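Participant: One letter stands for each residue in the lines below.
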Amino acid sequence: MTKNCHNDYKMKFSLEEEYPDLSQHNNHMAKALTKEIYEKLRSKSTPSGFTLDDIIQTGVDNPGHPFIMTVGCVAGDEESYEVFKDLLDPVISDRHGGYKPTDKHNTDLNWENLKGGDDLDPNYVQSSRVRTGRSLKGYTLPPHNSRGERRAVEKLSIEAMTSLDGEFKGKYYPLKDMTEKEQDQLIADHFLFDKPVSPLLLASGMARDWPDARGIYHNDNKTFLVWVNEEDHLRVISMQKGGNMKEVFKRFCVGLQKIEDVFKKHNHGFMWNEHLGFILTCPSNLGTGLRGGVHVKLPKLSTHPKFEEILTRLRLQKRGTGGVDTASVGGVFDISNADRLGSSEVQQVQLVVDGVKLMIEMEKKLEKGESIDDMIPAQK
Amino acid sequence: MTTLTIKLLPAENEYPDLSQHHNHMSKVLTLKMYKKLFIRSGIDNPGHPFIMTVGCVAGDEETYEVFKELLDPVIEDRHGGYKPTDKHKTDLNPANLKGGDDLDPKYVLSSRVRTGRSIRGFCLPPHCSRGERRAIEKLSVEALSALTGDLKGKYYALKNMTEAEQQQLIDDHFLFDKPVSPLLLASGMARDWPDARGIWHNDNKTFLVWVNEEDHLRVISMQKGGNMKEVFTRFCTGLTKIEELFKTKGHEFMWNEHLGYILTCPSNLGTGLRGGVHVKLPNLSKHSKFEEVLKRLRLQKRGTGGVDTAAVGGVFDISNADRLGFSEVELVQVVVDGVRLLVEMEKRLEKKQSIDDLIPAQK
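From first to last, the protein sequence lines are chains G and F. For the first sequence, UniProt numbering assigns the number 1 to the initial residue and increments by one for each residue that follows. For the second sequence, UniProt numbering assigns the number 1 to the initial residue and increments by one for each residue that follows.
Where hints are given, some of them may not hold.
Claimed, not checked - In silico lysine-lysine, DSS-like type, Cα no more than 25 Å apart, as pairs:
#	chain 1	residue 1	chain 2	residue 2
1	F	247	G	12
2	F	106	F	224
3	F	106	F	205
4	F	138	G	12
5	G	365	G	318
6	F	241	F	98
7	G	241	G	297
8	F	347	F	87
9	F	280	F	295
10	F	98	G	35
11	F	159	F	178
12	F	289	F	351
13	F	89	F	295
14	F	178	G	195
15	G	241	G	300
16	G	195	G	171
17	F	247	F	154
18	F	178	F	286
19	G	264	G	104
20	F	159	G	31
21	F	286	G	176
22	F	249	G	12
23	F	205	F	138
24	G	35	F	159
As the list claims (entries may be wrong) - To give an idea of the chain F side of the interface with chain G (calculated C-beta under 8 Å), a few residues:
#	residue
25	130
26	132
27	193
Honestly, the hints are just simulated from the structure, not real lab data. Quick caveat: nothing in here was measured; it's all calculated off a predicted structure. For glycine and all other residues, C-beta sits at the position ideal for the given N, C-alpha and C.
Could you put the whole structure together from the sequences, leaning on the hints where they help?
Facilitator: Have a look at this one:
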């Protein structure tokens, strides 16, 4: 392991002196980081120099979030998940429904395995979307990477994306060269990502050197979108108006496969292993890294006392239509899969498709003043 | 964040894009000079609407030596041509200040002097660990609790503060909050907030110490009205006592004869002293020569909310522009003499009289 002189310097302070005060904290890291674990891991470092304090800094600086239980730790490179497994395994288990260190994760990006999903009622489902993240093997991750690495990731990504054709053909817009006009258009399309303002992201260091080597790619139809060097090396998004989730998912799988081939040619394929699936910056996105969902009108169902329970049983979660840090507006909810790790992409999108279909039926019943008690599902 | 990655990429790939940048670091940092430097804050923050920012910070005392190739030109640019061979003079004897006890309170609303101090042997806020920060707090609390007389007071740790205490400190304009300025955040000084941060003040609320904000210690003497002499006397007496108390515990302040007091931001080297007043200058501030007059007097203006604010209602924060290459007494003298002149000018303009004969030569 590379010698990390700052970390060695800190070792002259005792455990008591260095152990963070987590008394006000409510995140997965704070729950898992006992003094014993801190003592065991504090002298360690990944080969690239990422340390325990680097892993946990965001969780120390951000005690909690009003709407969600945050993770409170990030990976700086692929090796983080191995070197710091004594902390990250319990965090992963807590966050991913009891996932064990010996469990194996199943990857299935064969869109043909999805049953149905092409006919969610567009009177209720306004839009459908699937996103995931990917990390390029051989580079460190956004909390830790240098400018040189970030630029190399961008360069490779541009090559991969400009090789795309057919419905994927499009253009790359680097954040720092964007014209006013391009920026306004991307904002109007809801594509533009801005410098993170969330303290969760800032505290982990992923906004360093902004906007250097950050950019957005999208196809001419504006249904396939890639973010470069935001929270992960790549965020890949397929989306369109209406309820044809099958088409969205097909485009997603096909597009991902195409760009993976280019990265593999350069020996920078995606970070993946059979235990954790796809390796991403935030432990919450391990496995599939997939969030598939819809914007759906559920004004009646959302005020029903069993709404939360139904979502839990369907393994779905709700968000406001502005994304993770927002509340819903006008009875329109962002409904997506709650799980990331331990089930495949196809399985997770299937849950969304089946679950949303059921919730729309419930909404229709409630519109007619009828009961939905016989429709409440068992826990999936 | 520590990175000892063995980079196989050439320096050109790592060299920051500073094409949109306008701070001292970006002016000075050529590709040739570029190494693995502590320049995070200056890259993430290209510029500031009101001031020319520094864009780099020190992580420890040795930073100023190890990275002198970058920091010497930054210091020279920021501190009026200060050379690597220059010597800095420290003078904390308040008896050497002439006058300053009678600035007109109809114009001068309040007077204040602040500085920073770093404790030798510890890393600075951008870089220190929790253990170091807590050790600094512990030492500081011990030292401050030994103060007596009109300096006697109490320490309020940020994380243990009651609602009532917090409200009182806000009302007194003493409370400092977690930094929101991106300049400070990008350098890492807000890590682990509010752990080991706190405020100490005397019973009279005229002497105040911040622990572990932007520097290990910020020491502030302040009061209403225009008696800068009294403010400065308390400042010097308090600082000297605190320094003695630290010495009894085997710790001294970071200082050397070239850079004076060593602080986190290169702009605060030397005296680290900002002495100033809140003063009403509604007429003078609209005069076409206002900026020029300030410049010649070696003064700077800020809004009354501090460095990132604009003036409100014609009331300005006027303070010394220099930090390095002048002693504390000299800088406070510049403030005292300069503000006296500005108030005279304001009075003339009130009477619609000219101030042309009062415009000073460049100090």
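Participant: Evaluate each hint against the coordinates.
Facilitator: Here is what the structure says about each hint:
1. The straight-line distance between the Cα atoms of residue 247 of chain F and residue 12 of chain G is roughly 22 Å, inside the 25 Å bound, and the hint therefore holds.
2. Note on residue 106 of chain F and residue 224 of chain F: the hinted pairing holds, with a Cα-Cα distance of about 11 Å set against a maximum of 25 Å.
3. Restraint check for residue 106 of chain F and residue 205 of chain F: satisfied, since their Cα atoms lie roughly 22 Å apart, inside the 25 Å limit.
4. Proximity of residue 138 of chain F to residue 12 of chain G is assessed by CA-CA distance (about 17 Å); at most 25 Å being required, the pair is judged to hold.
5. The suggested pairing of residue 365 of chain G with residue 318 of chain G holds, with an alpha-carbon distance near 20 Å, which does not exceed 25 Å.
6. A threshold of 25 Å between alpha carbons decides the hint, and for residue 241 of chain F with residue 98 of chain F the separation of about 23 Å falls inside it, so the pair holds.
7. About 14 Å separates the Cα atoms of residue 241 of chain G and residue 297 of chain G, which keeps this hinted pair within 25 Å; it holds.
8. With a CA separation close to 40 Å, the supplied pair residue 347 of chain F and residue 87 of chain F exceeds the 25 Å bound.
9. The straight-line distance between the Cα atoms of residue 280 of chain F and residue 295 of chain F is roughly 18 Å, inside the 25 Å bound, and the hint therefore holds.
10. Note on residue 98 of chain F and residue 35 of chain G: the hinted pairing is violated, with a Cα-Cα distance of about 57 Å set against a maximum of 25 Å.
11. At most 25 Å may separate the alpha-carbon atoms for a hinted pair to count; residue 159 of chain F and residue 178 of chain F meet this at roughly 11 Å.
12. Pair hint residue 289 of chain F plus residue 351 of chain F holds up; C-alpha atoms about 18 Å apart against a cutoff of 25 Å.
13. The straight-line distance between the Cα atoms of residue 89 of chain F and residue 295 of chain F is roughly 22 Å, inside the 25 Å bound, and the hint therefore holds.
14. For the hint pairing residue 178 of chain F with residue 195 of chain G, the CA-to-CA distance comes to about 20 Å; that is within 25 Å, so the pair holds.
15. Of the supplied pair hints, the one linking residue 241 of chain G and residue 300 of chain G holds, its CA atoms being roughly 22 Å apart against a limit of 25 Å.
16. Taking the CA atoms of residue 195 of chain G and residue 171 of chain G, the gap is about 21 Å. The hint holds against a cut of 25 Å.
17. With a CA separation close to 21 Å, the supplied pair residue 247 of chain F and residue 154 of chain F stays within the 25 Å bound.
18. Between the alpha carbons of residue 178 of chain F and residue 286 of chain F the distance comes to roughly 35 Å, so the proposed pair goes past 25 Å and is violated.
19. With a CA separation close to 23 Å, the supplied pair residue 264 of chain G and residue 104 of chain G stays within the 25 Å bound.
20. With a C-alpha separation of about 20 Å, the suggested pairing of residue 159 of chain F with residue 31 of chain G holds against the 25 Å cut-off.
21. Annotation: proposed proximity of residue 286 of chain F to residue 176 of chain G is violated, straight-line Cα distance about 38 Å (limit 25 Å).
22. For the hint pairing residue 249 of chain F with residue 12 of chain G, the CA-to-CA distance comes to about 19 Å; that is within 25 Å, so the pair holds.
23. Annotation: proposed proximity of residue 205 of chain F to residue 138 of chain F holds, straight-line Cα distance about 22 Å (limit 25 Å).
24. For the given pair, residue 35 of chain G sits about 20 Å from residue 159 of chain F by alpha-carbon distance, which is consistent with the 25 Å threshold.
25. At about 5 Å, the closest approach between the beta carbon of residue 130 of chain F and any beta carbon in chain G falls short of 8 Å, and the interface hint on this residue holds.
26. Interface restraint check: residue 132 of chain F against chain G, minimum CB-CB distance 7 Å, threshold 8 Å, status holds.
27. Interface hint status for residue 193 of chain F: upheld, as the beta-carbon distance to the closest one in chain G is roughly 6 Å, under 8 Å.
The earlier numbered hints that this structure contradicts are 8, 10, 18, 21.
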